[in-house]
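Undergrad: Sequence:
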Amino acid sequence: MKKGNSSDTPLVWSSEHGRVCPGCGKPLAGCVCKKQQSRPAGDGIVRVRRESKGRGGKTVTVITGVPLGSEGITALAGELKRRCGTGGTVKDGNIEIQGDHADLLVAELAKRGYTVKRAGG
Numbered sequence: 001m002k003k004g005n006s007s008d009t010p011l012v013w014s015s016e017h018g019r020v021c022p023g024c025g026k027p028l029a030g031c032v033c034k035k036q037q038s039r040p041a042g043d044g045i046v047r048v049r050r051e052s053k054g055r056g057g058k059t060v061t062v063i064t065g066v067p068l069g070s071e072g073i074t075a076l077a078g079e080l081k082r083r084c085g086t087g088g089t090v091k092d093g094n095i096e097i098q099g100d101h102a103d104l105l106v107a108e109l110a111k112r113g114y115t116v117k118r119a120g121g
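The opening residue of the sequence shown carries number 1 in the UniProt record's numbering; numbering runs sequentially from there.
These are computed hints drawn from the structure, not numbers from a lab. By construction, the Cβ of each residue, glycine as well, lies at the ideal position given by its N, Cα and C atoms. Honestly, I wouldn't trust all of these hints.
Think about it this way: if two alpha-carbon atoms lie no more than 25 Å apart in a straight line, the pair counts; the simulated BS3-like pairs of lysine-lysine are [what the hints assert, rightly or not]:
id, residue 1, residue 2
1, Lys117, Lys58
2, Lys26, Lys53
3, Lys58, Lys26
4, Lys111, Lys81
5, Lys81, Lys26
6, Lys58, Lys81
Across the chosen pairs, the derived CB separations fall in these ranges [as the list claims (entries may be wrong)]:
id, residue 1, residue 2, range
7, Val32, Gly78, 23 to 29 Å
8, Gly56, Glu16, 49 to 55 Å
9, Glu71, Gly30, 33 to 39 Å
10, Gly72, Gly18, 36 to 42 Å
11, Arg49, Gly87, 16 to 22 Å
Please model the entire structure based on the sequences and the hints provided.
TA: This is the structure:
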């Protein structure tokens with residue numbers, strides 16, 4: 001049973017080139033998909049809010065609207081976690097810092113040149 005080349009089953013490996021990017025179809029070493037990631041669309045304002053719903057009572061400070069790519073957000077999250085002395089993660093383009101550090105993060109992001117607003121009271 002021969003399987004045809006279909007758009008819903010992209011090529012991911014080739015005996016000639018090895019691993020192939022499913023997005024652009026080029027060899028993984030020459031992939032252009034990751035290089036073309038543009039900045040996410042937004043209003044240019046970074047919002048900092050505190051959340052505790054759905055987290056078992058634990059408080060988390062969430063930073064949204066950072067105008068950076070995925071690598072830049074990850075690097076910024078690492079620097080902010082070190083500044084706060086706590087853990088955190090990046091989920092769906094949002095930075096989550098454990099604990100209530102909203103005031104410290106607003107000051108730190110403003111010092112870095114971002115337009116920052118406190119959201120959610």
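Undergrad: Does each hint hold? Answer for all of them.
TA: Here is what the structure says about each hint:
no.: 1; hint: Lys117 to Lys58; result: holds, 22 Å
no.: 2; hint: Lys26 to Lys53; result: violated, 43 Å
no.: 3; hint: Lys58 to Lys26; result: violated, 44 Å
no.: 4; hint: Lys111 to Lys81; result: holds, 16 Å
no.: 5; hint: Lys81 to Lys26; result: violated, 36 Å
no.: 6; hint: Lys58 to Lys81; result: holds, 17 Å
no.: 7; hint: Val32 to Gly78: 23 to 29 Å; result: holds, 27 Å
no.: 8; hint: Gly56 to Glu16: 49 to 55 Å; result: holds, 51 Å
no.: 9; hint: Glu71 to Gly30: 33 to 39 Å; result: violated, 19 Å
no.: 10; hint: Gly72 to Gly18: 36 to 42 Å; result: violated, 29 Å
no.: 11; hint: Arg49 to Gly87: 16 to 22 Å; result: holds, 18 Å
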